[in-house]
Amino acid sequence: SACISGTSSASDGGGSGSIDLADNALLNVQSGTVTIASQSGSAGTITLSGSNAMLAVAALIVGGAGAGALSLADQTSVSTTGDVTVGASAGNKDSLGTLTLAAGSSLSDGGNLTVAAGGQGSLVVNGGSLSLFGSSFTVGSQANSNGDVSIQNTSVTVVGSVVVGAAGQATFSVNSTGGLSATSIVLGKGTDGAGTFALDGAGSSTQSGDITVGASGVGALQVTDKAALSTSGNATIASKGIPVQQTVTLDT
2 SACISGTSSA
12 SDGGGSGSID
22 LADNALLNVQ
32 SGTVTIASQS
42 GSAGTITLSG
52 SNAMLAVAAL
62 IVGGAGAGAL
72 SLADQTSVST
82 TGDVTVGASA
92 GNKDSLGTLT
102 LAAGSSLSDG
112 GNLTVAAGGQ
122 GSLVVNGGSL
132 SLFGSSFTVG
142 SQANSNGDVS
152 IQNTSVTVVG
162 SVVVGAAGQA
172 TFSVNSTGGL
182 SATSIVLGKG
192 TDGAGTFALD
202 GAGSSTQSGD
212 ITVGASGVGA
222 LQVTDKAALS
232 TSGNATIASK
242 GIPVQQTVTL
252 DT
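For what it's worth, my numbering labels the leading residue of the sequence shown as 2, then goes sequentially.
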């Protein structure tokens, strides 16, 4: 096991670095933020490869101003008490974050989750467990950001809002018997935001309170091949009446 106090980075100053956690390994960062690839031009990876490997941190950034990746294998886990951000740096073409959860792995996020805060971000949950305790899950937060989320073979519950394309470009897909439950879903929130939500395949489902397709931006909703979408609140298409086309596709 290893214990680090304060702020930690898997790569700093334009270099490259990697951490691999093998069987029963524990990396515990008691305070501050763990950043994977903090500087422009840097590249960093953290891989949890061994059975029962654990990463416990206060806050986590995957891809600060560089290219960062975090990968969780079967029977591994990551927990945070604060926010998780994937692809953080605004206006930086080198900011790229990739977070992958394999079947049998788990991520417990004690704060908010943002994929592509200002850079490029990708989150793939394929059979893993994603637990969110913050009030928001945002994909494509700032202008010029580009985010992608894929949920497969597992269900994710958000006690709060899911925003796809806040001010950036974003796609969110739920397929292969995946599931998403949220208090609200907004596609294309800001004037520069563009969000696409794709729900596909028998056994795939999404449940939401309110759902908005194009708040002030551009939204697209696709429900195909026997997937199921249900809402308990309002379903709104183009809420601001702006002169852009919103798209809803229902093909079951």
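A couple of the hints might just be wrong.
[To be verified] Okay, the calculated beta carbon distance ranges per label pair:
hint : residue 1 : residue 2 : range
1    : Gly210    : Ser109    : 43 to 51 angstroms
2    : Ser182    : Gly42     : 18 to 26 angstroms
3    : Leu27     : Ser136    : 45 to 53 angstroms
4    : Gly105    : Ala203    : 33 to 41 angstroms
5    : Asn127    : Gly15     : 37 to 45 angstroms
6    : Ala91     : Ser182    : 43 to 51 angstroms
7    : Asp75     : Gly202    : 38 to 46 angstroms
8    : Asp24     : Thr82     : 43 to 51 angstroms
9    : Thr158    : Ala104    : 43 to 51 angstroms
10   : Ile238    : Thr158    : 23 to 31 angstroms
11   : Thr178    : Gln76     : 34 to 42 angstroms
12   : Gln31     : Ser132    : 19 to 27 angstroms
13   : Asn25     : Asp252    : 24 to 32 angstroms
14   : Thr192    : Val160    : 23 to 31 angstroms
Please keep in mind that the hints were generated in silico from the structure rather than gathered at the bench.
Quick reminder that beta carbons are idealized off the backbone N, C-alpha and C, glycines included.
Here's how the hints hold up against the structure:
1. For glycine 210 and serine 109, the hinted distance range of 43 to 51 angstroms is not satisfied, since their beta carbons lie about 24 angstroms from each other.
2. Here the CB-CB span from serine 182 to glycine 42 is close to 40 angstroms, at odds with the stated 18 to 26 angstroms.
3. A beta carbon spacing of about 29 angstroms between leucine 27 and serine 136 contradicts the range 45 to 53 angstroms that was offered as a hint.
4. At roughly 24 angstroms, the beta-carbon separation of glycine 105 and alanine 203 lies outside the given 33 to 41 angstroms, and the hint is violated.
5. In this structure the hint that asparagine 127 and glycine 15 lie 37 to 45 angstroms apart at CB is violated, the actual value being about 32 angstroms.
6. At about 30 angstroms, the CB distance of alanine 91 to serine 182 disagrees with the hint of 43 to 51 angstroms.
7. Between aspartate 75 and glycine 202 the C-beta distance comes to about 23 angstroms, which lies outside the given range of 38 to 46 angstroms.
8. Between aspartate 24 and threonine 82, the C-beta spacing of about 25 angstroms breaks the proposed range 43 to 51 angstroms.
9. Restraint check, threonine 158 to alanine 104: a C-beta distance of roughly 18 angstroms breaks the suggested window 43 to 51 angstroms.
10. Isoleucine 238 and threonine 158 have their C-beta atoms about 25 angstroms apart, which keeps the hinted 23 to 31 angstroms range intact.
11. Distance hint check: the CB atoms of threonine 178 and glutamine 76 are about 21 angstroms apart, inconsistent with the given range 34 to 42 angstroms.
12. A hinted range of 19 to 27 angstroms holds for the C-beta pair glutamine 31 and serine 132, which are about 21 angstroms apart.
13. Checked against the hint of 24 to 32 angstroms, the pair asparagine 25 and aspartate 252 fails, with Cβ atoms roughly 48 angstroms apart.
14. Under the hint 23 to 31 angstroms, the C-beta atoms of threonine 192 and valine 160, about 28 angstroms apart, fit the expected range.
When each numbered hint is compared with the structure, violations occur for hints 1, 2, 3, 4, 5, 6, 7, 8, 9, 11 and 13.
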